[in-house]
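Residue numbers (the numbering used here), protein chains in the order written: chain H, 1 to 242; chain R, 1 to 242; chain U, 1 to 218; chain S, 1 to 218.
Bear in mind the hints are in silico, worked out from the structure with no lab data behind them.
Here the structure is a predicted model, which is why all the values come from computation and not from measurement.
Backbone N, C-alpha and C fix where the C-beta goes; we use that ideal spot for every residue, glycine too.
Some clues are possibly wrong.
Listed below are the simulated DSSO-like cross-link pairs for lysine-lysine, each with C-alpha atoms no more than 30 Å apart in a straight line [claimed, not checked]:
| no. | chain 1 | residue 1 | chain 2 | residue 2 |
| --- | --- | --- | --- | --- |
| 1 | H | K161 | U | K78 |
| 2 | R | K237 | R | K95 |
| 3 | H | K134 | H | K161 |
| 4 | R | K73 | R | K134 |
| 5 | R | K4 | R | K161 |
| 6 | R | K73 | S | K78 |
| 7 | H | K237 | U | K78 |
| 8 | H | K73 | H | K95 |
| 9 | H | K73 | U | K78 |
| 10 | R | K161 | R | K134 |
| 11 | R | K161 | H | K161 |
| 12 | R | K237 | S | K78 |
| 13 | S | K78 | R | K161 |
| 14 | H | K134 | R | K134 |
Restraint ranges, calculated between C-beta atoms of paired labels, are given here [what the hints assert, rightly or not]:
| no. | chain 1 | residue 1 | chain 2 | residue 2 | range |
| --- | --- | --- | --- | --- | --- |
| 15 | R | E136 | S | R155 | 35 to 45 Å |
| 16 | H | K95 | R | D197 | 47 to 57 Å |
| 17 | H | R82 | S | G25 | 39 to 49 Å |
| 18 | H | R82 | R | L198 | 31 to 41 Å |
| 19 | H | S89 | R | E136 | 25 to 35 Å |
| 20 | H | Q193 | R | E135 | 43 to 53 Å |
| 21 | H | P7 | S | A129 | 40 to 50 Å |
| 22 | S | T124 | H | I195 | 44 to 54 Å |
| 23 | S | A129 | R | D18 | 25 to 35 Å |
| 24 | H | R186 | R | A10 | 44 to 54 Å |
| 25 | S | D13 | R | A227 | 34 to 44 Å |
| 26 | U | R155 | H | E240 | 23 to 33 Å |
| 27 | S | A189 | H | D230 | 23 to 33 Å |
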Amino acid sequence: MVDKLVPDIAAALDGIPDGATIAISGFGNAGNPTDLVHGLIDQGAAGLTVINNNAGNGHVGLAALLEAERVAKMICSFPRSRDPVVFESLYRAGKIALETVPQGTLAERIRIAGVGIGGFYTPTSVGTPLAEGKEERVIDGRRMVLETPLHADYALIKAWKADRWGNLFYRRAARNFAPMMAMAARTTIVQVQHIVDLGEIEPENVMTPGIFVDRVVHIPVPTDENALHDAEQAARKAGEKQ
Amino acid sequence: MVDKLVPDIAAALDGIPDGATIAISGFGNAGNPTDLVHGLIDQGAAGLTVINNNAGNGHVGLAALLEAERVAKMICSFPRSRDPVVFESLYRAGKIALETVPQGTLAERIRIAGVGIGGFYTPTSVGTPLAEGKEERVIDGRRMVLETPLHADYALIKAWKADRWGNLFYRRAARNFAPMMAMAARTTIVQVQHIVDLGEIEPENVMTPGIFVDRVVHIPVPTDENALHDAEQAARKAGEKQ
Amino acid sequence: MSAHGLNGRSRADTAARIAADIPDGSYVNLGIGAPELVANFVPEGREIIFHSENGILGMGPSPNDNEIDWELVNAGKKPVTLVPGSSLFDSADSFGMIRGQHLDYCVLGAFQVSARGDLANWLTNADDAIPAVGGAMDLGAGARNVIVFTDHCTRSGAPKIVDSCSYPLTTVGTVTAVYTDLCVIDITAEGLVVRELVDGVSFADLQNVTGAPLTLPS
Amino acid sequence: MSAHGLNGRSRADTAARIAADIPDGSYVNLGIGAPELVANFVPEGREIIFHSENGILGMGPSPNDNEIDWELVNAGKKPVTLVPGSSLFDSADSFGMIRGQHLDYCVLGAFQVSARGDLANWLTNADDAIPAVGGAMDLGAGARNVIVFTDHCTRSGAPKIVDSCSYPLTTVGTVTAVYTDLCVIDITAEGLVVRELVDGVSFADLQNVTGAPLTLPS
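Next up, chain H with everything else stripped away, as it sits in the complex (with noise of 0.2 Å):
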């Protein structure tokens, strides 16, 4: 019988060793595995290189793993935020390196490690610092570079439902990143919102087929980053007045 789900974090981070890479979904708030993000702090894995849109906000969720010093690499589009000062004071100092990817380019070079392709020729970058050292043609007339495939070990991310089988759905705009992080890892690890019986998400309505999903975990009521956020900002200034 195929059930891929696991009774809890510790479980559903089981075995990611040291210098693993990890691709991180979601955007703001949305689709964004904070719970999991938190889990792999107590986990303790380290030297690991990171694959997100962004390098994390404030002091939660990414941005606390990054503030552990876990994490070596940032591969992402755009390593700023509201409060990016834990990225950006970790980065001056010559503690984490970057490698800013345009978010395009990031979502199919994620998507292309998923699908076996070896690598594609984009309109995008060319002529800029970040198509420096690609090979670059021109086709049909316009300019291209290639760009490679970004496979991860693992991905970590956000469902609203899944089944037993790993069948996931995402709501409004928290899908973003996570299926194709879902099938450029080799293994796949989801917090989910809502567990249901096989069949109950109509299979014309499936996001990520359950072939790309490992581990389940249910999360009912997910942490809200942004108010833990705003949580954590208010806790400091009341701090600092004392």
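Put chains R, U and S on the given structure of chain H with help from the hints.
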């Protein structure tokens, strides 16, 4: 106001010139826009290049278009069917050109035309006759060949539901090549069984966003190509007996 | 009055000017910041479909405070709403729309724009600048019309429209038009063509605060 | 008894033998024709998830005549059903699963298989053969385990397991095992290793009707 609905098949197919490249979705009966294909026979365009997974069955649908000698070239993965007589006789008579493309490469070549990618490296077809003349390189230890985008001037597709913005929902296995063809074509023409109000297809469940769709024609009871084929065969046999 | 010393229009007026040029039925992506203002000025009777690169087509205005849904945010990570007819998709599909030239317009801010349509809007030359590009290179390379929405000069009065960008480029030769507090400029094969000047600003005034040669439509 | 003169098992028995080797929870694509038989022999208690390259995961058996839905067909264009937990997707995603090595097994027919695991199953050398490949090259290049299900010899008694394929290739070096009416052969770095012989067939018998050197497991 955005309103992509057109009154009839003639309006849907208006302006298709001789020599156009037409992508036609469908896999067996599933997602097969038979009414548009029959309309294209009436419309009259000739010298066409047609992209479809197959090359017609019996004497109906795409096979009828071929039999009317409107197609100069087929690009497909499997130019065989239960009853491939039309394509085979044209091909053997040198009246039609054929480009055979592995099915997954066909799907991806259409997709990349739609998403602005200039080429991709794939392990499929390496070392086979279908890789002849293609650039090859070894990526991560795997031999890969370079494949190019497959653009279309028009796509003819069938969907289950559409709204006036052109958002589409496909039923069961009718999706197959349609989403990529809708992206890859300059003009995408859809025959649809149900016209629904804006918002009736849940935003999460839209399979082809309207941005990829140009014209929608309401065909509540589409031609069933299998049934038509069977009827046509029965009539042919009855004729032979007389 | 700005650093250039000329009496330009407000950002809201520039946003409205851009909105007036976007035809009914267009698919449009608005960059984070000032470009977002354009959505407030869609002329009555036009249906413009807004795209957000994190996976939304048919994005609506900000929600009321009691309707905020943090799983529904725009590219600036701020809560938004959906309009009837909206669709949601993943980032690969979303950037497929962009790269595949399906968007009719994108509106972006700029540090600099060159006479041949190069755009610099993602990175300064500061020693400690952290390279953060987001979707700017994809949008600049992919949209059919790349509109730049910018102040005509920097806060210190330096021209932002220049012969050649001194900042790192975002895209090469893709900007189609620039809308500023002072003018509308089309970027053509013949260079920068001034389509419109705001009231009270002369061609000579404009050339004076612009770092590349301007022409009038022939 | 077949053209090779040996007393082999039936296709159904070979299909059952393959099914017995596919572990619980596997994702499996069965080629058109004889490989489809494998689905009939999944051992009790195992959950095998069948993939169809036209966009189905969780494909069930053929429908009853009154339940036929022509929008739900398999790769052979025949009507099928869905099991609870199934998902549907487009051809690009479906072949993404294949090419991306997410399928545990595919089972394909063959004209010929070579000692190094080359597969020829799509085109003969006939002068008028029309090249029709379908998904065979994608499946053969992409699945983690590529199982060939074939008669040991052709109808005229010629070996189908050969040193080097004389027919045009489908894939190079990807076949992992061959199940025939006479045996199970693993294709390893050391060549063709006979894992099993059917009752009444000796190693010498098998070598006699095979076009490449066989070994026994060390």
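Right, here's what the structure says about each hint:
no.: 1; hint: H/K161 with U/K78; result: 24 Å, holds
no.: 2; hint: R/K237 with R/K95; result: 27 Å, holds
no.: 3; hint: H/K134 with H/K161; result: 40 Å, violated
no.: 4; hint: R/K73 with R/K134; result: 20 Å, holds
no.: 5; hint: R/K4 with R/K161; result: 13 Å, holds
no.: 6; hint: R/K73 with S/K78; result: 27 Å, holds
no.: 7; hint: H/K237 with U/K78; result: 23 Å, holds
no.: 8; hint: H/K73 with H/K95; result: 9 Å, holds
no.: 9; hint: H/K73 with U/K78; result: 27 Å, holds
no.: 10; hint: R/K161 with R/K134; result: 40 Å, violated
no.: 11; hint: R/K161 with H/K161; result: 24 Å, holds
no.: 12; hint: R/K237 with S/K78; result: 23 Å, holds
no.: 13; hint: S/K78 with R/K161; result: 24 Å, holds
no.: 14; hint: H/K134 with R/K134; result: 21 Å, holds
no.: 15; hint: R/E136 with S/R155: 35 to 45 Å; result: 36 Å, holds
no.: 16; hint: H/K95 with R/D197: 47 to 57 Å; result: 55 Å, holds
no.: 17; hint: H/R82 with S/G25: 39 to 49 Å; result: 43 Å, holds
no.: 18; hint: H/R82 with R/L198: 31 to 41 Å; result: 34 Å, holds
no.: 19; hint: H/S89 with R/E136: 25 to 35 Å; result: 47 Å, violated
no.: 20; hint: H/Q193 with R/E135: 43 to 53 Å; result: 47 Å, holds
no.: 21; hint: H/P7 with S/A129: 40 to 50 Å; result: 57 Å, violated
no.: 22; hint: S/T124 with H/I195: 44 to 54 Å; result: 51 Å, holds
no.: 23; hint: S/A129 with R/D18: 25 to 35 Å; result: 31 Å, holds
no.: 24; hint: H/R186 with R/A10: 44 to 54 Å; result: 53 Å, holds
no.: 25; hint: S/D13 with R/A227: 34 to 44 Å; result: 38 Å, holds
no.: 26; hint: U/R155 with H/E240: 23 to 33 Å; result: 31 Å, holds
no.: 27; hint: S/A189 with H/D230: 23 to 33 Å; result: 59 Å, violated
Checked against the numbered hints above, the structure breaks hints 3, 10, 19, 21 and 27 and satisfies the rest.
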